[in-house]
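Undergrad: The primary structure of each chain is shown beneath.
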Amino acid sequence: MAEHSVSKMDPDSHLLLEQPLLRLPHELLKKNLKSAQRAIEPVNKNITSAIQSSTKQNPAETLASLDATLQKAQNLKRKLEALHTEEQALHSQQKARIQHLQTLHEIPSLGDVAYDRWAHVRLDRLLVDYLLRQGYTQSAKELAEENKLGDLVDVGVFEEAGRIEQALRKGEVKDALTWCGENKNALKKINSELELELRLQQFIELARSGDIDKLVDAIVHARKHLAGDQSSKFGLQAGGLMAYPPDTFVEPYQTLYSQERYPHLADLFVQTHHNLFSLPPTPLLHIALSAGLSALKTPACHSQHALSVTANTGAPVCPICSTELNELAKNVPYAHHTTSSMEDDPVVLPNGRVFGRERLQLLNEKLGTKKGWYRDPTKLGENDVEWEEGSIRKVFIS
Amino acid sequence: MEGIIAAHEQLEKRGNLAKTIQDVQKTIDLLQNARDSVANDPDSAALTMAKLKQPVKQSFDKLDDDLKDVNKGLNQYSKALDKKFKKNALPTASTKPLAEQPDLINRAIVMHLLREGKFEVANTLVSQLNERARSGQDDGMEDRRPRPISNVGDAIKSWVQELAYPEAWEAEGGMEMGSPTGRERGWLQEKFTEMYHILDSLRNQHDLGPAIEWAKSHSRELEQRGSNLEFELGRLKFVELFTSEDVMSDDPWEGPTRALEYARTVFPNFSARYIRETSNLLGSLAFSANLEQSPYEAMFFNQSAWEEASASFTREFCGLLGLSEKSPLYTAVTAGGIALPVLEKVERVMAQTRGQWTSVNELPVETPLPTGFRFHSIFVCPVSKEQGTDANPPMMLPCGHALAKESLDAHARGKPRMKCPYCPVECAPKEAKRLFI
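For the record, the sequence lines run as chains U and L.
Counting from 1, one number per residue, gives the positions in the first sequence under this note's numbering.
Counting from 1, one number per residue, gives the positions in the second sequence under this note's numbering.
Some hints could be false.
[Stated by the list, open to error] According to the in silico footprint, chain L covers these stretches of chain U (three or more CB under 8 angstroms from chain L): (1) 9–19; (2) 25–34; (3) 87–101.
For the record, the hints were derived by calculation from the structure and aren't laboratory data.
Predicted model, so just to flag it, every value in this text is computed and none were measured.
Even for Gly, the Cβ is constructed at its ideal location relative to N, Cα and C.
Using the sequences and the hints, build the whole thing.
TA: Here it is in structure tokens:
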């Protein structure tokens, strides 16, 4: 009974990890729509005012202005068509993802082969997500391609973000500012200070030079970009910074002048970016893996009495004991159990090792131990002792 | 899910820019017409332009409406998503140990890729890791992700090199697979290339040669593991020789004769424990003319024999490397997917009640997994309900009842004799015996 309830599929709770899968294309679609709006607005204004002013023009001028407006309308159409293509790609991506999750809903139990297949695809997806986040874009691309993940992973989004992040780490803020411009409204909604931080950085670079012309530029820059009403902090910091040379030891100005600000900005950008597109801040692989390591881990996995992984236990090798994960799992908690789970009819050998009677018999048969005698199959070669059947004791474990 | 599917269909059908583009085209036509009439009749320019004002305004209003439609579709889809995904926060509290050990995760991924046979991807990743490790040492600017250990670069290097240079493998004198690129490949990759090569012959071409060769060269280790692989392969070979028909010869005894010859050279090497099986096989020779109706029918016409041999080959091959058959990364991530809802709930409740998790070493709740995910026996002390650990191991009293050491000590309270908590038998506490589960 218990087993049945454990392996029953509950797709809704299973979708915990899959939320970003559907959220991201949706956010991109919203962004797409915003771009369309932004494209239409100026053209609308422009054309309307052109027509308005045409009443005072002579026919030739009217003709010229009409040609100009026509040109603008054509451009708008081209822009919208590009956005529409993008939109269609996103729609089909969405469709593939919905399909992927729908498959899960059609799987009756966790023991089903179909679940195995689905879980494999999910693992590949999580791996691609992880590799992209760590900046191993090429590996991620190859993995996605080899497993035909196509619409299920977001190579493009991460690649773009990675490019901007890397530029920031190298000390270039231009790309990041362009990105802020593209997402102005959304950033305002989440009250992000990313753009102000970037503008402040530009100011710091102007101030760093100490050159009088540059300092004037810096003031103009600060008035233009840092004196907004979102936060007075940046204007104040900029003002203070002017009073101190770049080699100051006075805080916060020493920190502001520090080159360490670039990695900080890069981190801030990544954080803002993921927040904006509903991407979780930690790689999904971390979340799934740490839960899995804990759920599988037992005190035996890191016991000093643990058997060697190549020991002959007649049972499959535990994934936590396996070389790949053993060290990684060292610091995660082990699973909680309220009842013992032992093989049927457990017996204990004189050396204290417990086996299911059936397995012990089977292994000894394979080992060719003579009838009526037993060896510890996990301790071969060390001190090959054989025991008589009588010295095998039944043990009661409840 | 239905809600999302429906909303998405709506979105595809109506929530897109196709209509907007049409309407822009209409605006263009409008302007084009006006331009044409101004060009044809310059005098009417003022009038045409005055007439144009209203329709252009309307058409831009129309564009706005079109966008609103798209927006509406998106909002509906948004709602469907929110309905499906109610909980927002993912449990992230426990991911710290992982985030601090990127090199171990990377290693696990590379090994996973290798065992899945994705050698190209693994190669790319290893070289990218190498590159990162190198540039990380040259200048600190490249990678500034938090690094708790100062010499992570070195740590990465050591295992990357271990994977990249096959000394360990060569020392073992393994088979040379002849890589076409001639470039050095990691020993693990060598191993898995070998495994896939053997598996391919075995499963797809029904060629036992490579597998038998491998089993022979690892005969001693396999024997140590109590593995039957070598014998199983030998038996399969015997059956294959027996039933194979040589087109060139019409001697009906051709197959059985060759099988007998094979048996003569190979079977004596098998250990004594196969004696019954080998004599069985040889007995079949007597029935060679009419195998289908002989008692040996099951042995010879086993359809799944090749699949079974492939599976046990994979198991032994990975076992000798100290690896589990299935990718541990796969097993762990899948188990994680199953356990996650429980952990998510715990974290949520903990946050609400500001509760503290008392034991850092153990999860606070049970995370039930299907049987396939159980790899160890679990001992839980019937008295204290704690799991057996190195510090608090299970002990067996002379009556055969087992309990944890701490429970035993508490129960005995230092006295020389005690009664078993579960039966009337009395014993001295020092007679209790440590168990290894």
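Undergrad: So, for every hint listed, does it hold in this structure?
TA: Okay, the hints, checked on the actual structure:
Here the segment 9–19 of chain U counts 9 residues with a CB under 8 angstroms from a CB of chain L, which clears the bar of 3, and the coverage holds. For the segment 25–34 of chain U, the proposed coverage by chain L is satisfied: 4 residues have a C-beta within less than 8 angstroms of a C-beta in that chain, meeting the threshold of three. Beta-carbon proximity to chain L at under 8 angstroms applies to 7 residues in the segment 87–101 of chain U; the threshold of 3 is reached and the given coverage holds.
When each numbered hint is compared with the structure, no violation occurs for any of them.
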